[in-house]
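> Residues per chain, in single letters:
There are 2 protein chains.
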Amino acid sequence: MSRAKVKFVDGLRFVGEAASGHSVVMDGDPEVGGNDTAIRPSELLLVGLGGCTGMDVISILRKKRQPVTGLELSIKGEKADTHPKRYTDVEVEFTVTGKGVDEEAVKKAVELSMQRYCSVKATLEGTTKVGWSYKVVEE
Amino acid sequence: MSRAKVKFVDGLRFVGEAASGHSVVMDGDPEVGGNDTAIRPSELLLVGLGGCTGMDVISILRKKRQPVTGLELSIKGEKADTHPKRYTDVEVEFTVTGKGVDEEAVKKAVELSMQRYCSVKATLEGTTKVGWSYKVVEE
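These protein sequences, in sequence, are chains A and B.
Per my numbering, the very first residue in the first sequence carries number 1; after that it's consecutive.
Per my numbering, the very first residue in the second sequence carries number 1; after that it's consecutive.
Please note that a few of the clues may not be correct.
You can't tell identical chains apart in this list, so a pair holds if it fits in one copy or across any two.
Derived DSSO-like pairs: lysine-lysine, alpha-carbon spacing no greater than 27 Å straight-line [what the hints assert, rightly or not]:
id: 1; residue 1: K108; residue 2: K76
id: 2; residue 1: K85; residue 2: K129
id: 3; residue 1: K108; residue 2: K135
id: 4; residue 1: K135; residue 2: K63
id: 5; residue 1: K108; residue 2: K63
id: 6; residue 1: K108; residue 2: K129
id: 7; residue 1: K107; residue 2: K7
id: 8; residue 1: K135; residue 2: K7
id: 9; residue 1: K63; residue 2: K79
id: 10; residue 1: K129; residue 2: K76
id: 11; residue 1: K7; residue 2: K129
id: 12; residue 1: K63; residue 2: K85
id: 13; residue 1: K135; residue 2: K5
id: 14; residue 1: K7; residue 2: K64
id: 15; residue 1: K129; residue 2: K79
No wet-lab data here; the hints were simulated from the structure.
Next comes chain A alone, as it looks inside the complex:
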């Protein structure tokens, strides 16, 4: 069982506290009455997806003793035009940096995360098509 508490602060600002003990502030867009002091709730889905699969990929590439020096994920999410504006398509692009990183190892690490380990991807994919690509940049 995972738990969180989310508490109203002011305007459309809320603070969420998770079971790990860490908190995140959220705020709404000025268009809907927020003050843009913090991230939007729906943006947390994209950021959480990136963190989840990023941790998997870094862990797997370390186990494979790959000389990774950087990992950056670019995530693009398309939403439906009509309410409730759910995410319909999400694309994750992984950029792995290092000197002599094996491209095949990166491919496998990304596939293992996306197809087997990443709980956020698995939770989103009921309604959202999640695609991915990767590139390796020689440092």
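Once you've looked at the hints, dock chain B against the given chain A.
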């Protein structure tokens, strides 16, 4: 199109930056090699769900001129035992505080968010059963 960038920092720590310009730090559990300096990626789904529906409910109750002084959401998520350990059931409990808040208005606001407006709930519900309850506390 919504965008985010998630960048590896060190250990299992990542920083995610969303299109709004705001950033969130994430870290892994020490059990899997993280240092517990920040929230877990999968916790962001529960926190994001709470923020999304919380903003809806506050906005709707304001439009209905309800004298709300507080709103707190308690969110419980069950995950599958096996990888990828997706969320299977999530329960959201809303506690609305105020003096003379109409319980019927609260019920309708919560239902409107959950059934029509909340994009995070709509994105999660493909794989996850999302339930809710509410109570009104006289201040």
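> None of the hints should be skipped; say for each whether it holds.
Structure-based check of each hint:
1. Proximity of K108 to K76 under the C-alpha cut-off of 27 Å is restricted to the intra-copy arrangement: shortest distance 22 Å within a copy versus 33 Å between copies.
2. Within a single copy, K85 and K129 get their C-alpha atoms as close as 14 Å, and across copies as close as 18 Å, so both meet the 27 Å cut-off.
3. For the homomeric pair K108 and K135, the shortest alpha-carbon distance inside one copy (13 Å) is at most 27 Å, but the shortest distance between copies (48 Å) is not.
4. Within a single copy, K135 and K63 get their C-alpha atoms as close as 19 Å, which meets the 27 Å cut-off; across copies the closest is 49 Å, which misses it.
5. In this assembly of identical chains, K108 and K63 lie within 27 Å of each other by CA distance solely inside one copy; the values are 12 Å within and 51 Å between copies.
6. In this assembly of identical chains, the alpha carbons of K108 and K129 lie at most 27 Å apart only when taken from the same copy (20 Å versus 31 Å across copies).
7. Only between protomers do K107 and K7 lie at most 27 Å apart by alpha-carbon distance; the minimum there is 18 Å, versus 41 Å within a single protomer.
8. Proximity of K135 and K7 under a CA criterion of 27 Å is satisfied inter-copy only: 15 Å between copies versus 40 Å inside one chain copy.
9. Only between protomers do K63 and K79 lie at most 27 Å apart by alpha-carbon distance; the minimum there is 26 Å, versus 36 Å within a single protomer.
10. Within a single copy, K129 and K76 get their C-alpha atoms as close as 12 Å, and across copies as close as 25 Å, so both meet the 27 Å cut-off.
11. In the homo-oligomer, the alpha carbons of K7 and K129 lie at most 27 Å apart only across protomers (23 Å), although the nearest pairing inside one protomer, at 31 Å, exceeds that limit.
12. For the homomeric pair K63 and K85, the shortest alpha-carbon distance between copies (21 Å) is at most 27 Å, but the shortest distance inside one copy (39 Å) is not.
13. When the C-alpha separation of K135 and K5 is checked against a cutoff of 27 Å, the pair qualifies only between copies, where the shortest distance is 15 Å, while the shortest distance within a copy is 38 Å.
14. Taking CA atoms no more than 27 Å apart as the test, K7 paired with K64 passes between copies only; the shortest distance there is 21 Å, against 42 Å inside one copy.
15. When the C-alpha separation of K129 and K79 is checked against a cutoff of 27 Å, the pair qualifies both within a copy, at 11 Å, and between copies, at 21 Å.
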